[in-house]
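Undergrad: Each chain is listed here by its residues.
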Amino acid sequence: MHMKPLTKQTLTNVCAQMASHTWTEEELDELVEPKLGIITGFQELLDELETLRQIDLGTTPPALTVQKR
Amino acid sequence: MPEELSFLDVQSLKRLLDTGKITPSELVETFADRIARFNDLSHAFITVTDKSATGDAARLTTKDLARSPFAGIPFASKDLFDVEGVLTTAGSRVFHDRVASEDAFTIRQLRAAGALSMGKTNLHEFAYGATGENDVYGTCVNAYDPTRLAGGSSSGSAAAVAFGLVPAALGTDTGGSVRAPAALNGLVGLKPTIGRVPTTGVVPYCWTLDHVGLITRTIADCADLLGIVAGFDPCDPASSNHPVDNYAEHLGGGIKGLRVGIPANFYYERTDPEILEAVERVKSHLSEHGAQLRPVTFPDMEHSRTISLTVQMPEALSAHSAFLQERGELYGKDFRAGLALGQCLLAEHYVRARRFIEMYRQQTNALFEDVDVILTPATPEIAQKLGTVKTMRDGVEEAIGNAITRFTTFFNMTGHPALTMPCGMHSDGLPVALQLVGRYFEESTILRVGHFIERNEKFAIPLPKIDGGAG
Numbered sequence: 003m004h005m006k007p008l009t010k011q012t013l014t015n016v017c018a019q020m021a022s023h024t025w026t027e028e029e030l031d032e033l034v035e036p037k038l039g040i041i042t043g044f045q046e047l048l049d050e051l052e053t054l055r056q057i058d059l060g061t062t063p064p065a066l067t068v069q070k071r
Numbered sequence: 004m005p006e007e008l009s010f011l012d013v014q015s016l017k018r019l020l021d022t023g024k025i026t027p028s029e030l031v032e033t034f035a036d037r038i039a040r041f042n043d044l045s046h047a048f049i050t051v052t053d054k055s056a057t058g059d060a061a062r063l064t065t066k067d068l069a070r071s072p073f074a075g076i077p078f079a080s081k082d083l084f085d086v087e088g089v090l091t092t093a094g095s096r097v098f099h100d101r102v103a104s105e106d107a108f109t110i111r112q113l114r115a116a117g118a119l120s121m122g123k124t125n126l127h128e129f130a131y132g133a134t135g136e137n138d139v140y141g142t143c144v145n146a147y148d149p150t151r152l153a154g155g156s157s158s159g160s161a162a163a164v165a166f167g168l169v170p171a172a173l174g175t176d177t178g179g180s181v182r183a184p185a186a187l188n189g190l191v192g193l194k195p196t197i198g199r200v201p202t203t204g205v206v207p208y209c210w211t212l213d214h215v216g217l218i219t220r221t222i223a224d225c226a227d228l229l230g231i232v233a234g235f236d237p238c239d240p241a242s243s244n245h246p247v248d249n250y251a252e253h254l255g256g257g258i259k260g261l262r263v264g265i266p267a268n269f270y271y272e273r274t275d276p277e278i279l280e281a282v283e284r285v286k287s288h289l290s291e292h293g294a295q296l297r298p299v300t301f302p303d304m305e306h307s308r309t310i311s312l313t314v315q316m317p318e319a320l321s322a323h324s325a326f327l328q329e330r331g332e333l334y335g336k337d338f339r340a341g342l343a344l345g346q347c348l349l350a351e352h353y354v355r356a357r358r359f360i361e362m363y364r365q366q367t368n369a370l371f372e373d374v375d376v377i378l379t380p381a382t383p384e385i386a387q388k389l390g391t392v393k394t395m396r397d398g399v400e401e402a403i404g405n406a407i408t409r410f411t412t413f414f415n416m417t418g419h420p421a422l423t424m425p426c427g428m429h430s431d432g433l434p435v436a437l438q439l440v441g442r443y444f445e446e447s448t449i450l451r452v453g454h455f456i457e458r459n460e461k462f463a464i465p466l467p468k469i470d471g472g473a474g
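Chains as they are written, first to last, in my numbering: chain A, 3 to 71; chain B, 4 to 474.
Warning: the hint list may mix true and false statements.
As the list claims (entries may be wrong) - Calculated pairs, SDA-like style, for lysine to any residue (alpha carbon to alpha carbon, straight line, at most 20 Å):
no.: 1; chain 1: A; residue 1: K37; chain 2: B; residue 2: D138
no.: 2; chain 1: B; residue 1: K393; chain 2: A; residue 2: E35
no.: 3; chain 1: B; residue 1: K336; chain 2: A; residue 2: T14
no.: 4; chain 1: A; residue 1: K70; chain 2: B; residue 2: F462
no.: 5; chain 1: B; residue 1: K286; chain 2: B; residue 2: F462
no.: 6; chain 1: A; residue 1: K10; chain 2: A; residue 2: Q45
no.: 7; chain 1: A; residue 1: K70; chain 2: B; residue 2: D138
no.: 8; chain 1: A; residue 1: K37; chain 2: A; residue 2: I57
To be verified - Footprint (simulated), chain A over chain B, 3 or more residues, beta carbon under 8 Å:
no.: 9; segment: 184 to 198
no.: 10; segment: 271 to 282
no.: 11; segment: 319 to 332
no.: 12; segment: 358 to 372
No wet-lab data here; the hints were simulated from the structure. From a predicted model like this one, the values you see are computed outputs, not experimental measurements. We treat Cβ as the ideally placed atom computed from N, Cα and C, and that holds for glycine.
The shape of chain A in the complex, shown without the other chains:
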């Protein structure tokens, strides 16, 4: 399924309707249309995550501690 672009309204609803900290309008704006340049645009991040979702990781578990080999 092709993802639709993220809108501020979606984030506003998520933050209002699910357990969440309180975020300002400006902060939600930053996610939809970044101006500070510090973080990757949220939409681009979601697009990349969607690409990653389609990669088959088989039975690979989440990373835990490491051991000497």
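We have chain A already, so just place chain B on it with the hints.
TA: For chain B alone, kept in the frame of chain A given last:
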């Protein structure tokens, strides 16, 4: 006290202490004077604890001075490490009143070894960023050119050593935050194997990727420091009880027959040509002395930063949950924006990113079946001017924070030990550096190779010219 003491490595200072040519109290005084002179320029320290260091120094007996290679030696720690009775600000207004009730594991180890805590160093707020810019405590500058960045997030720890304010410092490294500023300032930076040095008592940013890191002038000092702070702490769930090596013991060994992996992809791309030339000279040097250079191909790195970010931000949000509730208005804007991003990721995104990390670990371990170490440039760019937002290389624009840590971030995910060290000077008068990566818990190997490189004068770099003169 002669000014040049400030730029001696720990082993040289230790020889002066051991032969009675200087006392620990005099060393503390020397470095305290230096901090007083240069902290306004460098912005390296947030809190200076020279008075308690003076008291500790006065109590050290001759027998105490034999305790360790750091007995009687002043050091500093990034202001994420708890030091009993001292503020841990994390470089933020949020922690303006957070006084530590006990020492972090590493501080405890260093104190038990007779080392003297001179204070807490500056950083990017909560270690969120690689430029070291800090609105509250000032932005650390580069010792080789104060119009340029020191790099971060352990900006103050690197600046403190580079400006000769202490001979060694602790930092933290979640994506290169020790290795990158060390590289930009002509110092040695080590991120040990994940779990090798406990993070107990260090303000967390991202539990999965956080490592304690070391910044020193020389490889030998780094080996000695690692021998003190490495260990097992049951209070840290990531801590390993793998036996701690005698790192200093391995330094004299040669490199004949050593298999050095040279990445065929990613690590030699979009990089300042002078940095590549410097690393090429090191490759030739290693080859001439019996090392075998072998190409290695890393897994697809295209999404590695996304994966790192997808783990970082939800963990940072979780770590800051209580403080956001109580004093959310005290956070810097950029960090809050990052936390908001963490809020809006899905649980499956996070778990999937952790699974990718496991895959990266397996793929990187497979590379180490054919090689003993991997050699890369430390950073693709030299230290950039203060205020730089983006870099441009080969027609590709990149956020400066991403550029600074482009070659270091991956090894926080895989957890392999990685060391950066200077290997020459750029024509702009700034240090260039390489990175050595080793197998899990084989810090001895990368330190040995680093020491071999360091011993050759053609890779030595001059001291910074601070206040007009050398040093």
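Undergrad: If a hint holds in the structure, say so; if it does not, say that too.
TA: Results for each hint:
1. This hinted pair checks out: A:K37 and B:D138 have alpha carbons roughly 18 Å apart, not beyond 20 Å.
2. Note on B:K393 and A:E35: the hinted pairing holds, with a Cα-Cα distance of about 18 Å set against a maximum of 20 Å.
3. Simply put, B:K336 and A:T14 have alpha-carbon atoms about 19 Å apart, close enough for the 20 Å limit, and the pair holds.
4. As the CA atoms of A:K70 and B:F462 are separated by approximately 32 Å, the hinted pair breaks the 20 Å bound.
5. With a C-alpha separation of about 12 Å, the suggested pair B:K286 and B:F462 falls inside the 20 Å cut-off, and the hint holds.
6. With a C-alpha separation of about 11 Å, the suggested pairing of A:K10 with A:Q45 holds against the 20 Å cut-off.
7. Note on A:K70 and B:D138: the hinted pairing is violated, with a Cα-Cα distance of about 42 Å set against a maximum of 20 Å.
8. Proposed proximity of A:K37 and A:I57 is contradicted: the alpha carbons are some 31 Å apart, above 20 Å.
9. Counting residues of the segment 184 to 198 of chain B whose CB falls under 8 Å from any CB of chain A gives 3; the rule of at least 3 is met.
10. For the segment 271 to 282 of chain B, the proposed coverage by chain A is not satisfied: 0 residues have a C-beta within less than 8 Å of a C-beta in that chain, short of the threshold of three.
11. With 5 residues having a Cβ less than 8 Å from any Cβ of chain A, the segment 319 to 332 of chain B passes the three-residue criterion, so the hint holds.
12. Using a Cβ-Cβ cut-off of 8 Å, 9 residues of the segment 358 to 372 of chain B lie near chain A, which meets the minimum of three, so the contact claim holds.
Hint compliance for this structure: hints 4, 7, 8, 10 are not met, and every other hint is.
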